[in-house]
Amino acid sequence: MSHSLTIRAYRCELYSELLKTFRQPGFVLPSLLFPLGFYLLFGILLARGGNFDSATWFFATYGAFGVIGPALFGFGAALATDRDAGWLDLKRISPLPTGALLVARTGMSLVFAVIIFVLMSILAFTFGGVRLAPERWLLSGLVLTLGTLPFCALGLLIGAYASSRSAAGWVNLVYLPMGALSGLWFPLFMMPALLQKLAFVFPAYHLGQLSLAAVGQIDVSWGPHVGMLLIFTLIFGQLAAHGLRRSQS
Amino acid sequence: MSETIARWQQVQHHYGAIPALQQFSLDLRAGQITALLGPNGAGKSTAIRLLLGLLACQQGTVELFGLSPRQRQARSGLGAMLQRTDLPDTLSVAEHIALFGACYPEPLSVAATLTAVGLEAQANRRYSALSGGQQRRVQLALALVGQPRLLLLDEPTVGMDLSSRQAFREALRAARERGCAVLLATHDLPEVEGLADRIALVERGRLVADDSPQRIRARVDVKRIDCRSQLDPTLLGDWPEVARISARDGRLELLSTQPERLLRRLLAADPELADLEVRGADLEQALALFYPDRVEPIAA
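If you're matching them up, the sequences are chains X and W in order.
Going by our numbering, the first sequence opens with residue 1, and the numbers climb by one from there.
Going by our numbering, the second sequence opens with residue 1, and the numbers climb by one from there.
Treat the hints as calculated values from the structure; they're not laboratory data.
The beta carbon of each residue, even a glycine, is placed where N, CA and C say it ideally should be.
Be a bit skeptical, because a hint or two may be false.
Stated by the list, open to error - Derived Cβ-Cβ restraints for the label pairs, each shown as a range:
| hint | chain 1 | residue 1 | chain 2 | residue 2 | range |
| --- | --- | --- | --- | --- | --- |
| 1 | W | R248 | X | Y15 | 53 to 59 Å |
| 2 | W | E106 | X | P134 | 44 to 50 Å |
| 3 | W | Q71 | X | S166 | 32 to 38 Å |
Said to hold, decoys possible - Derived list of chain W stretches under chain X, where covered just means 3 residues or more per stretch with a C-beta under 8 Å from a C-beta of chain X:
| hint | stretch |
| --- | --- |
| 4 | 30 to 39 |
| 5 | 66 to 79 |
| 6 | 176 to 185 |
Chain W on its own, in the form it takes in the complex (with noise of 0.2 Å):
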């Protein structure tokens, strides 16, 4: 097993009264990318700014390089790309990579820098004159530019254009090549489904799943069905062979571990059933049976 450069043990934090990690454990490894995901409110950016040092641990323990993530030293390996971030603006792209790189050990050139992120031409604008695409793909270049052994990126791609999503997904695969851990706490589960060796699943405070993609699929071994059916969807909540439930516009998608059953059932009680389709889930409805809540549909 690969070395493990950061982790989360035993943790638990509170809002005052409301508990945002109960019991949480999670190790990262070097050459994986670990895609964190849950629905908002889960406890995945609590988890993201314990490591990050931007908050102090309540209980447990979180260890980034075996250190404290508040020590210079353990922070001198990290790379991270914030939800939230705005770059001055008066600086010029390669300014902010050099000026940023001149505080780690190591630091990447800034044309290489540059290269990284696909942003060559854009060398000497202004921050302010870049799309917003752009500017996220200058962020990206500040987590890079220290040559990192762990890149934390939390909602990278929002706001990404196609060309830079496709800049972001080389970046990161070539960070995993040379063997940088990831964490990527997304909402985006295509861009999951492509570049993660692992799912961690975080369900209120408690990580529920920890495991490759496809493990994942496999573990819930769910099909989908769509139909159209005058069948009440809250009625059908109920039945066992429904994981979970949405319905739009008059059509049906339920999920189900057991598919045979549930269509026998379904068109037992509705003899007028149209539209049926069958077919194997993706990993957003995989991942939908995780959340306890069967009938709403799960946040993209």
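Only chain X is shown next, with the shape it has when bound in the complex (with noise of 0.2 Å):
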């Protein structure tokens, strides 16, 4: 197989997957609107006058869970609907790299990523009065880009064990309460004790302190919660390729 002939393979299938997603409008515009709108909200709208900056801080922390959403739904439930309709199959059994599959549906999740922090920094921008330095909106919208990426790994897991039917549920049933228990919802110091401690064990807490710490909120040592988010990546990622193989036993 040459060089190019796999690039070419990569690219169409990023192109396939993108060109798939953008004409479901089903899912493209709840995963836009579901973020900007509890922004808007809750971030904007009813936060004013609180003690810290929650314009600001709610960028952040809706921002990460904005991101989340569509790495989980665009790996979770579209991997399960794929493979029950055998469409995974006819991929599996084509010349396609494996690692395209993965390539394509992570670019898709990271040009979601992409598209939610404009438009979510854009209406930070005008209507939240956010005013960052140009060095913090980069690292941003770098730290939820690859934010990402623990959550393609997670919505890979769920869609690796999940049937078509029960994925999207099971989806909701791990993006809506983690965001919420992590932070990103409300500020965690405004939870009880036992959840504040509590959120450490969601992954998307950690991108929720990552994100904060990148629009200069909070101040905190990176290397935990990168270390943190790369073992989910890990972990998650282990057991979606059993959970695959065991379809194949």
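Since each chain comes alone in its own frame, lean on the hints to assemble the complex.
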């Protein structure tokens, strides 16, 4: 297999994934409007007058919440649907490199993360009065974009085990409570002490902390949070690989 | 003899304690259409999934172009149409063909693929807007776009209308002409009679026949006797002259390799015997003799 053929296969798979996804308003609109609406409501309209910079804080946390959604749904629900429809089998028996499917889906999640970040930045700048140094905007965008990767792995894990009919339910069951308990909807310091301690077990908490640090709202050491996200990615990835292998045994 | 494209050798496969394939050996040759037949649960799908690399081989050898089916290089010469597939419905027919073809070394052009399956007029229509038969033709197009050396088709004509079947037969004959090996797993025996060069018959995980349709019929030299009789079909099933029997609305349908002896015995046992008809058996009836149960009608 030539190098150029492999690159062509990767490129076409990514294009196919984007085409498929962006032609589904039922997926695109909720994925974009859900976090933007939350931010507008809770981060801007209802949160003025607190003792912290709520517009910037919630820009970081709802930004994290927003980029997690397409990663979970794009991998979890879509993978289960493609598998149950036999489309995944057809891809597997084609000469498409195995990695191309993962790269295409991950690429789609990254594109969504960039779009969500840009739209949320416009909202934050225009209506929330958020003003950041250019390097902080850039760092925030980088954190939110790359921060989707552990959630792509988590989505893959759900998609590897759940059926097409149950996958969306499982994703919602993980996504919404994890977002709330990780401090992405309301600051953790507003929650009971027990819940604050529990947040550590959720990958969304670590992404939220990095996102808040990127916009200068908290001062934390980056290493442990990045390390935890890497560990979550590896664990979810391994479990997902086991689930996918199981379907072939 | 033409080149061997793929082979199963002494393959054993189990699902838990249940055997799906036992000592299964078969090879597929270039320029030949092989029909893989057998009742539901006989092991056809397992054999196919092993050759596609969708199942790991537990015992024995499965080779595709001399390689493991899981190797990407082997898969580049394979085109397949699976029994149960639904393609993403937001892409058009032409987009599906172009994007799927992109991972093959020398794909057919989109226009040539559309012509091969007779979907030129539907090129820009989305998959969701096609009829069931047209959707199956798109799936056939994806199997053909890579110019495969082996075409593997699992129940390809299910859901196809007459024009789709015609396009399917033409595409298969064209593939055979250019030296492609074709494996056709189906229950559609009239389709097999018209297309297959060879029949591989699987029963309870074992290959019980592997020959041309003509030779299979000749091997069993079977005649079909239809009549109306009061005789108990279950008792008739025990007669040595009866190879297989089915009863429907008071009419008996008997298959026999000794039709003269059977006729004499029938007439002696039932003087009221009526509507007697004797004719040569078709392929379905000939194949029925390879199955062990002599009274149940074969799976259609």
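The hints, checked one at a time:
About 56 Å separates the C-beta atoms of R248 (chain W) and Y15 (chain X), a value consistent with the hinted range of 53 to 59 Å. The given range of 44 to 50 Å is respected by E106 (chain W) and P134 (chain X), whose C-beta atoms sit roughly 49 Å from each other. Between Q71 (chain W) and S166 (chain X) the C-beta distance comes to about 34 Å, which sits within the given range of 32 to 38 Å. Requiring three or more residues with a Cβ within less than 8 Å of a Cβ of chain X, the coverage given for the stretch 30 to 39 of chain W is violated, as only 0 such residues are present.
A stretch counts as covered by a chain when three or more of its residues have a beta carbon under 8 Å from one of that chain; for the stretch 66 to 79 of chain W and chain X the count is 5, and the coverage holds. Counting residues of the stretch 176 to 185 of chain W whose beta carbon lies closer than 8 Å to any beta carbon of chain X gives 0, which falls short of the minimum of three for the stated coverage.
Violation of the numbered hints given earlier is confined to hints 4, 6; the remaining hints are satisfied by the structure.
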